[in-house]
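Each chain, letter by letter, is given below.
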Amino acid sequence: MSIIVNVDVMMARRKMSSQELAEKIGITQANLSILKTGKAKAVRFSTLEAICKALNCQPGDILEYKE
Amino acid sequence: MKKKLKIYSTLFVVVLIYFVVTNLFYINAPSWYSTPNDKLKFVDCPPEFMSRETRADGTVITTNHETYGYEVYVAPKDRTTQRSLISTAKMSDSDGVELQTYMVEMQKVQLSVPASQNKFFNTLFIVSVITSVGGLIVIVWILCLVVKLVRRIRRGEVFVAQVSKYLEITGILLTALYVYQLIVSYAITQYNMHHIQLADYYVVFKNDTNSMYIITGLALMIISQIILMGKEMKEEQELTI
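As they're listed, the protein sequences go chains R and D. Each residue of the first sequence is one higher than the last, beginning at 1 in the working numbering. Each residue of the second sequence is one higher than the last, beginning at 1 in the working numbering.
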């Protein structure tokens, strides 16, 4: 898929662990792993909102389009 | 996947229309018997296989030769006299004569083939044994697939690729069985046409293969593709974060 999820980059910038982020946004670590590895087929707006809130960033910082 | 679904559903609709149209034709047929004088004018049995003797007192003695029973479809050669009434028009023509529509209909007859014709039956026996064994193998295969399918479903695995595959193979096998039986039936009719000579009738081909095989087969093939679509939707749902 040409949409790249850069959650791991933002997590590294914010120095936040997977467990901490998963707890903050209310999803399991397994689902967060799916998101990070790019296996996810879709992201709910509510999840995106929670990620942006937890990482203090914009949706554009997390999602990227590459041809 | 969608291409397959389109092909299967188109085939299903075509087959269904074919059977509906041909069955409608035969549903209307029993109305013939409301007028006894217009019944089919077939003789009971072709004369080659039966001798009739009329006594001086007028009674007819019918003697069947030593024979094997053998069923074929026949149609009369003389289509002008041997016909049956299929419908009566309500309108009358200018002379006041009621218009009637006639058609020639095939009829299944029990032929009594002389027992001396062993060669004829030997060939048919071999063909029927091969057909039966082939059919049995396919049915056992289908049963194995159904058992596997039921096991999966009992484990709660419905929208998985294996279930779709089992259904598709079962459908293809059922459809193939129908086509195979149809071809064998046609081949036997061709064989009969060359070996059975009747005075007043032609041996004709009539498709009497069980239509449920192909209808069920195609329906299963469509369901298999629907399950595959369901599997994709399920995966998408599971991978939505």
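Hints listed in this document are in silico derivations from the structure and should not be mistaken for laboratory results. Since this is a predicted model, take the numbers as computed values, not measurements. All C-beta atoms, glycine included, are put in the ideal place defined by N, C-alpha and C. There's no promise every hint is true.
[Said to hold, decoys possible] Here are the simulated SDA-like cross-link-like pairs (lysine to any residue), alpha carbons at most 20 angstroms apart as the crow flies:
1) D/Lys234 <-> R/Val43
2) D/Lys3 <-> D/Val14
3) R/Lys41 <-> D/Phe159
4) R/Lys53 <-> D/Ile241
5) R/Lys41 <-> D/Val160
6) R/Lys36 <-> D/Leu239
7) R/Lys53 <-> R/Ile27
8) R/Lys41 <-> D/Val14
9) R/Lys36 <-> D/Val14
[What the hints assert, rightly or not] To give an idea of the chain D side of the interface with chain R (calculated C-beta under 7 angstroms), a few residues:
10) Glu157
11) Leu239
12) Thr240
13) Ile241
Status of the hints after comparison with the structure:
no., hint, in the structure
1, D/Lys234 <-> R/Val43, "holds, 15 angstroms"
2, D/Lys3 <-> D/Val14, "holds, 17 angstroms"
3, R/Lys41 <-> D/Phe159, "holds, 18 angstroms"
4, R/Lys53 <-> D/Ile241, "holds, 16 angstroms"
5, R/Lys41 <-> D/Val160, "holds, 18 angstroms"
6, R/Lys36 <-> D/Leu239, "holds, 12 angstroms"
7, R/Lys53 <-> R/Ile27, "holds, 14 angstroms"
8, R/Lys41 <-> D/Val14, "violated, 37 angstroms"
9, R/Lys36 <-> D/Val14, "violated, 49 angstroms"
10, Glu157, "violated, 20 angstroms"
11, Leu239, "holds, 4 angstroms"
12, Thr240, "holds, 4 angstroms"
13, Ile241, "holds, 5 angstroms"
The structure is inconsistent with the numbered hints 8, 9, 10, although it conforms to all the rest.
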